[in-house]
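Novice: Protein chains in written order, with numbering that gives the first Met the number 0: chain L, 0 to 319; chain H, 0 to 441.
It is possible that part of the hints are untrue.
Distance ranges between label pairs, derived from CB positions [said to hold, decoys possible]:
id: 1; chain 1: L; residue 1: G250; chain 2: H; residue 2: L157; range: 34 to 44 Å
id: 2; chain 1: L; residue 1: G54; chain 2: H; residue 2: I208; range: 56 to 66 Å
id: 3; chain 1: L; residue 1: A132; chain 2: H; residue 2: A394; range: 24 to 34 Å
id: 4; chain 1: L; residue 1: P24; chain 2: H; residue 2: R218; range: 51 to 61 Å
Read the hints as simulated data drawn from the structure, not as lab findings.
Glycine included, each C-beta is placed from N, C-alpha and C at the ideal position.
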Amino acid sequence: MLARRNPQLNSHGELIHLLSIEGLPRAILTQILDTAGTFLSVNDRDVKKVPLLRGKSVFNLFFENSTRTRTTFEIAAKRLSADVINLDIAKSSASKGESLLDTIANLSAMHADMFVVRHSESGAPYLIARHCAPHVHVVNAGDGRHAHPTQGLLDMYTIRHYKKSFHELTVAIVGDIVHSRVARSDIHALTTLGVPEIRAVGPKTLVPGDLREMGVRVCHDMREGVKDADVIIMLRLQNERMSGAMLPSAGEYFKSYGLTEDMLALARPDAIVMHPGPINRGVEIDSRVADGSHSVILPQVTFGIAVRMAVMSILAGNDA
Amino acid sequence: MKILIRNGRVVDPASGRDEIADVAVAAGRIVAIGRVPPDFTPERTLLADGCVVAPGLVDLAARLKEPGPGALESELAAAAAGGVTSLVCPPDMDPPLDEPGLVDMLKFRARKLSRCRLFPLGALTHRLAGVELTEMIELTEAGCVGFSQAEYPVKDNLTLMRAMQYASTRGYAVWLRPQDPSLSAGVAASGAVATRLGLSGVPVVSETIALHTILELVRQTSARVHLCRLSSAAGVELVRRAKAEGLPVTADVSINSLHLTDVDIGYFNSDMRLTPPLRQGKDRDALRAGLADGTIDALVSDHTPVGNDDKMLPFGEAVPGATGLELLLSLALKWGTESRLSLAQTLARVTSEPVRVLGEALGSLGQSAGRLVEGGVADICVFDSEAEWQVTPDALRSQGKHTPFDATSSGTRMPGRVRHTLVAGTLAYSAELARSSDATSA
Chain L
0 MLARRNPQLN
10 SHGELIHLLS
20 IEGLPRAILT
30 QILDTAGTFL
40 SVNDRDVKKV
50 PLLRGKSVFN
60 LFFENSTRTR
70 TTFEIAAKRL
80 SADVINLDIA
90 KSSASKGESL
100 LDTIANLSAM
110 HADMFVVRHS
120 ESGAPYLIAR
130 HCAPHVHVVN
140 AGDGRHAHPT
150 QGLLDMYTIR
160 HYKKSFHELT
170 VAIVGDIVHS
180 RVARSDIHAL
190 TTLGVPEIRA
200 VGPKTLVPGD
210 LREMGVRVCH
220 DMREGVKDAD
230 VIIMLRLQNE
240 RMSGAMLPSA
250 GEYFKSYGLT
260 EDMLALARPD
270 AIVMHPGPIN
280 RGVEIDSRVA
290 DGSHSVILPQ
300 VTFGIAVRMA
310 VMSILAGNDA
Chain H
0 MKILIRNGRV
10 VDPASGRDEI
20 ADVAVAAGRI
30 VAIGRVPPDF
40 TPERTLLADG
50 CVVAPGLVDL
60 AARLKEPGPG
70 ALESELAAAA
80 AGGVTSLVCP
90 PDMDPPLDEP
100 GLVDMLKFRA
110 RKLSRCRLFP
120 LGALTHRLAG
130 VELTEMIELT
140 EAGCVGFSQA
150 EYPVKDNLTL
160 MRAMQYASTR
170 GYAVWLRPQD
180 PSLSAGVAAS
190 GAVATRLGLS
200 GVPVVSETIA
210 LHTILELVRQ
220 TSARVHLCRL
230 SSAAGVELVR
240 RAKAEGLPVT
250 ADVSINSLHL
260 TDVDIGYFNS
270 DMRLTPPLRQ
280 GKDRDALRAG
290 LADGTIDALV
300 SDHTPVGNDD
310 KMLPFGEAVP
320 GATGLELLLS
330 LALKWGTESR
340 LSLAQTLARV
350 TSEPVRVLGE
360 ALGSLGQSAG
370 RLVEGGVADI
380 CVFDSEAEWQ
390 VTPDALRSQG
400 KHTPFDATSS
410 GTRMPGRVRH
420 TLVAGTLAYS
430 AELARSSDAT
440 SA
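Chain H extracted, bound-state conformation:
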């Protein structure tokens, strides 16, 4: 299908391009930016006056509620509605992604939906039990872009070292969330708020001890490691030093840790029950600064749909996690504005930078995903940066309706609204279509 996106503000973070231009799309690729050939006859024209035309977002952490009735459909629809055209999902499904057949099936089902590209992480160990390595070569051939234990611990440092050695033999990336299991049993960040509320704490040393261990093993094995969901100022500092040293590490932070602190728990609001837990103001400030200066490479939604029954519980019993795919763009824009960054710099953290984190794992797609280039793949997000919206359960396509940014508790208005999302040159989401189909179904 030939699509013309007319008169939008084209922002490509990787090249720094920021200008009003037309974008022509055909056969899944961008054929022209700016000088559209006169003989280009679009089957569909998207008027983008006043809108930003950006690369589709690349989210390095989104759970899909798999297996669950209609879950893949709803969550990939949520991704498209959020302008996310590629997402990485961790392997902690049931069963965990520890066999190529499971990865094949998941990728096949996602492709059929053609809403969003899906890049699974394979389980680092069989059943995520932290003991035996999975068949990483076969899993990579099936489409895994890295290996992860999700929230599960590796049995001991010997096993972790072996896993990193083996992965690095083939140059596979190992994705680890730095947490010491014995120090991570709490339900809130250690500190004055947890002490006052009588909630068990997760101390910062849970993150820093794990980081020290991982970084030592990176020095030992030269494994390529991506550090997931940093939560503390001390953690950011360790990553900064590791990068200065030249270690092959990258890192991300979640939208929740970027905007919230433990004070937001308020009167035991279980929507604030998250993993990693929300920490203090100085941690949030360091995470924001680290994302701005590139110490932290990517901003992720950490999308984790949690049902009502699992959230309407006392704080400590509530299942951690929040919906996020549809909030990623808005919360990136909010951070960028508050940090006085340009739109291109802001969007880089959710487009070109996460693609750089994925690196060679994306294959040829890595050349143009997260970017807007002629001849490149047409994964595009068109959004109105001036529009505002409020997060309500009805406004979300995800089955996960719980988020700390729920308008009824936060009162926050979200900047930026997605108008169209193109994945491989086809319209995966369109606000106009969504409105008219909502009207029909009503």
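Next comes chain L alone, as it looks inside the complex:
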């Protein structure tokens, strides 16, 4: 069958939507990280605004609730001087039976310039990107289990900030990988940026063997997984997985895969500990580690705003 052109890129290979890290060349990832670096200083100024998106309308379309991610996108857009409209669609149109594409058509008619989309179904932002007006840019803010590219990029920014280079790193991603869009975006980004060893760590119910085909080493033993790691990315264990057929209990999970100080001692002495938040203390991570000297969880949040500003400003500069 004929492969479709990557819908994220225009015919010049420039980024017009950010839907997934997969299929993006290293140069684009580096461009986003470099641009984010220039925006970090904006966040430290008294007047935290640049006029790059002045007069543009950014619509936050959250078909699935997420206060935290929505807020960081809102802050990023406002610092770029955009008008931001937040739509909590989980509570409005969808519940009235309006279809996804009808919602998009209506909002396009309100002259939106950018949609930031969170949806519970994998691939939903692709559908929106395919059917929205040509001048509208779509940013995936998390779709099902598929992708969370801005989280992936802010994780890369964090790693580069602390480790300077990707080429000799061992990165362990620990937890519920099968259900995690963050893990998938991290894996694609780490692979593209040249990280030689990426480990996916967890029990077989949460870390399927198919992941090997994404270029990762699958570890079902936590000690093996974190040994000599430079970076440990802990994933949030969703409440609904804490009991049932995936896992017997949160307690047993913490004993086997929780990041404690003893476990962390197996990693490199200068290892950093990351987490996309919100954290479950005592479920996937011990409080002493979360608040300890290796933790970069709060800097991740700060970098996240700069990375989202970078993504939005780059998209706004490229035409379909």
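Position chain H against the provided structure of chain L, taking the given hints into account.
Specialist: This is chain H only, laid out in the frame that chain L set:
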């Protein structure tokens, strides 16, 4: 009406006949192949130079979008346009085909349209709820050719065993799609693609566990079972062994599983949302080999019209299914060419072999349907095997416009174009007529 089909390449898969000949049709039957009596005076002559004259196609799986405005009309017209002269429809309509009156009515309406013969499967259980058996004898008398749960599960193995026992008392066939309900909630085949795209998976064991269960119950009950829409290499292997053992089972595969894999999902193309889900390359290869060596008896369209509103959704929310009646011939030819089979061997999988699957359920029709024999019923498909076409929504008569083979996404050119379809000796479709009537309506 007397019709003469002149100078076509007559291919009859059942006998292996493959020669240039005239075919004379009168009173619904083929009166001569080759030596047409000199006193035969046709009212209509179809010039078939350069075309293949084959038995009409027999499709063992086509949904009719019933009930729906004009659905039976459009879908049976689609069948005729696809060269399909007999089709079997599963019972999952609304209401399900669980009462003789519903079957009578459906068959009556289809007969009035005289586009394609319709053979319904009756519901195996009342309301397809998987609990109480339907009145199989009455349903058979009304015209059902077998009994099926379509995509619905039977409550438990005891009920399935009882249903198979009861059906086998009368020699009725039970049509089952092997899937374990608790393992079938996913939206794509388990594997690297589903994992990468973050789509929930249906593992191969969903099919093999169900097959093991069904085959054990066949051993126990001696019920005649037709296994619908195999999707995996492991499934093909189980059927191969069951046949070697002599179990009374047959099987089919859909045009989609025969040609596509999960990689074709691409960027969440919901036209690839199908049941069973598209699996990996090794599965497709095994299905193709199984169809070629006879482990799989028939190729089916698995025609399932799905409206735009139900497809223009995120992949996991889209309704599974694709249009297929008008693609069956072309995709059979494509497979046959790629597998280096003769035209007769290729066409057997969509003509004589599905008739063999139906067996005695067809009654006297079973003697000649899916074949070209003098004195036999004149269900005939005349097609140009050299012509190519592209699948576009406008090119399809079906109300279902979504297919993985849509030219805009696949770029695939389809081999083979139907010129005429005869059902019981009358012209159910003719490309020339279609063109002129299109021109008139435009």
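Novice: Hints first: check each against the structure and report whether it holds.
Specialist: Going down the list of hints, with the structure as the test:
In this structure the supplied range 34 to 44 Å holds for G250(L) paired with L157(H), their Cβ-Cβ distance being about 39 Å. Here the CB-CB span from G54(L) to I208(H) is close to 59 Å, well matched to the stated 56 to 66 Å. For A132(L) and A394(H), the Cβ-Cβ distance of about 29 Å falls inside the hinted range of 24 to 34 Å, so the restraint holds. For P24(L) paired with R218(H), a C-beta distance near 57 Å keeps the hint of 51 to 61 Å intact.
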